[in-house]
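Sequence lines, in order, name chains A and B.
Mind the numbering: the first sequence is residues 1 to 620 in our numbering, read in order.
Mind the numbering: the second sequence is residues 621 to 702 in our numbering, read in order.
These are calculated hints, taken from the structure and not from any lab test.
Treat the hints loosely; a few may be bogus.
Here are the simulated lysine to aspartate or glutamate pairs, EDC-like style, with alpha carbons at most 16 Å apart [said to hold, decoys possible]:
| no. | chain 1 | residue 1 | chain 2 | residue 2 |
| --- | --- | --- | --- | --- |
| 1 | A | Lys552 | A | Glu537 |
| 2 | A | Lys574 | A | Asp494 |
| 3 | B | Lys657 | A | Glu226 |
| 4 | A | Lys503 | A | Glu562 |
| 5 | B | Lys657 | A | Glu112 |
| 6 | A | Lys313 | A | Asp332 |
| 7 | A | Lys574 | A | Glu562 |
| 8 | B | Lys657 | A | Glu217 |
| 9 | B | Lys684 | A | Glu537 |
| 10 | A | Lys552 | A | Glu495 |
| 11 | A | Lys114 | A | Glu217 |
| 12 | A | Lys529 | A | Glu495 |
These figures come from a predicted structure and were not determined experimentally.
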Amino acid sequence: MESALTNATSQTNFGTIDWVIVAVYLLLSVSIAFFVKRYAGNMTNFVSAGRAVGTWLGVATLTGTEMGLITVMYSAQKGFTAGFAAFHIGVIAGVVALLIGLTGFIVVRLREHKVLTIPEYYEKRYGRRTRILGGVMLAFGGLLNMGLFLKVGAMFIVGITGMDPDGNALKVVMVVLLALVLVYTVIGGMISVVITDYIQFVILSVGILVAGWLAIESVGWDNLFETVRTHKGEAGFNPVAAESSFGFEYVAWMFFLGIVNCALWPTAVARALAMESTASLKRQYTWSSISFAIRMIIPNLLGVCAFVFVMTKAPDLQQLFSPADADVEAVDNLYAMPIFLGRILPAGLIGLITAAMIAAFMSTHDGYLLCWSTVITQDIIAPLFKERLDNPTRIKITRILIVLIGLYILYWGLFYTGEEDIWDYMAVTGAIYFTGAFSLLFGGLYWHRASSTGAVLALLVGVTAVFGLGPVQDYVHTYIPGSIAERNITATDDETIEFEAFKEPDEMEESFYRDMVFDFVMTPFEQAKPWNRNGLEGWTAVVRGQTGQEQKVEVASSWAGEATASAWPGFEPKAGDTVSFYKPVSSARVGLMTIGFTLFVFILGSLIFPDRKQKEAANE
Amino acid sequence: MAGITAIGVIMIFAIMDNGWPAVLRAVEKDGWEWVWKVTLIGTCGLFALLSVLVTVGGAQDIRKLFRRLREQEASGNPDSDA
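Go ahead and model the full structure; you've got the sequences and the hints to work with.
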């Protein structure tokens, strides 16, 4: 299968002229950092470009940061797997950005406080300990969130240029891309970031529109919709259809993520805080609402086109991404869009598109590296030194941190083994920070009774969002309500394991406790009826061997005393091994539960433990 | 605001061209498919317009930014926000 992937990527149209275009672009980006270096001498200039960014440049830099290659890749993946129904994510993001632009919700009040970072506001409103804890949570969630950026970006470059994905190409590309971003971020700070974001916006906007046009042309407008209708049915268009992988819960989660992306996510807020006035800021968000929508919609479209191309025009790719044989493992569908572009775009243009995507990659990385390093410097290290650090020392620490964070994302990209869609991974890791941040910012800016104790509790509770990650759920699956404890395997037959049969329990008597407590608490968690035929279908079986090795697999069918998988990924189970079952909780559900829980704790904590000296909600 | 306006304009043209009953029939027949087609065309058109505005306006903003930074540098304005 790996050689088939190598064969698939090698059929690209990427040639010498394309390498030249990419090289020229990269040289231009790095040289800008050296050109603006002399202005990056103080912390306000280094972090906020002197708070002198105009509306149009603000739109460019906000778009440049938020429309990264990672965005293009995960959105294309969503389009590939869910069809046009994935468009709802971009539409919601655009509508929410527009509402924030019109109302100035959170961002305008933050800008009025003239802070450099969100935790700096925490200190003004809640005190120093909240700032430090908020900085730690922000850095923890943010760094986890950024962990896969480098790898996914490198997968695009490898896929579109035709390098060998089975060799060391992925690692080499990761190192080279990282080195380039580090150079111009470390040297130029926010000023070079803003200027390169502008150039990247220009290249990216042309590139992505042209790519979208050519993608549609390659598969045909009518065929595009027809194929999705044939293969995905109603679920390919309707995000709340019964058989859709989204549903109302997911749509609600996307609405909240829309608010997060605009008003809570530090990289976007950093752009807001760099604006010359609050009027410019509102204009920036109003216009950027188009970018917030398009940054998802066109990549979704590329993913849908890649799906149609694979299903109707490239039988070799169909074998790779959707193999007919259940025993054959499908290739990571993140490769689908770059391989598709590599085949349909002509030489020359493919170089321009690749430069545009590298532009997207770099503009996101520079913004994120600068943001997280600044948070650690300004909000964790500096308060610990009781603000005794001078400006040159702070800039030096920030630069060292940028390099360290770069090394971390290289490490994480190589070793993380989660299998969830990238978008869902990012939403969950981000939630570690933003569920708490939403309570603190919304409460702090609009509710005068918000207290520092409520704030600290909310920040701590936000960490529970980490349970939305697949590997974490695997680790704690026995504690998930509704999971089925380990039982011994008594016999095996090919893909079927047998164990002591489940028996239907006696009906529980109606009671106040059952109605008001048990049922309420268990509502978000699915309860299996394993004594029924296929009562465990879609659940995850965790098989533990007698020597301690472990594997997990989705149950294809089941009955009271047996469960069948389509294939065992690790080892053949034997009598004497054990099996337990659990139903993974969706990231959207975990996210929504965390938001509710965090807000509840924040309000309760603020009411029970009010601050001795209350501060004004808006203008302290 | 701009996005809603553009989608509204497209819908008005569609209604003028085909008549209101024809548009209703299209929504009824294709449902979500029709919604996504309009969304795709509308947002791409708007983004093309935005790209032109940002390219021109952004270049002017960069000139202003450098002018301001040069003035700061010349006046030796100390950093007060650390």
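Structure-based check of each hint:
Straight-line distance between C-alpha atoms of Lys552 (chain A) and Glu537 (chain A) comes to about 14 Å, which keeps the hinted pair within the 16 Å bound. Taken as a hint, the Lys574 (chain A) and Asp494 (chain A) pair is honoured in the structure, with Cα atoms around 10 Å apart against an allowance of 16 Å. With a C-alpha separation of about 13 Å, the suggested pairing of Lys657 (chain B) with Glu226 (chain A) holds against the 16 Å cut-off. A threshold of 16 Å between alpha carbons decides the hint, and for Lys503 (chain A) with Glu562 (chain A) the separation of about 13 Å falls inside it, so the pair holds.
In summary, the hint linking Lys657 (chain B) to Glu112 (chain A) is not supported, as the alpha carbons are separated by about 40 Å, beyond the 16 Å threshold. The straight-line distance between the Cα atoms of Lys313 (chain A) and Asp332 (chain A) is roughly 19 Å, outside the 16 Å bound, and the hint therefore fails. For the given pair, Lys574 (chain A) sits about 13 Å from Glu562 (chain A) by alpha-carbon distance, which is consistent with the 16 Å threshold. The suggested pairing of Lys657 (chain B) with Glu217 (chain A) holds, with an alpha-carbon distance near 15 Å, which does not exceed 16 Å.
The hinted pair formed by Lys684 (chain B) and Glu537 (chain A) fails the criterion: a straight-line CA distance of about 62 Å is larger than 16 Å. For a cut-off of 16 Å, the pair hint linking Lys552 (chain A) to Glu495 (chain A) stands: about 13 Å separates their Cα positions. Proximity of Lys114 (chain A) to Glu217 (chain A) is assessed by CA-CA distance (about 48 Å); at most 16 Å being required, the pair is judged violated. Of the pairs offered as hints, the one joining Lys529 (chain A) and Glu495 (chain A) is violated, with about 21 Å between alpha carbons and a cut-off of 16 Å exceeded.
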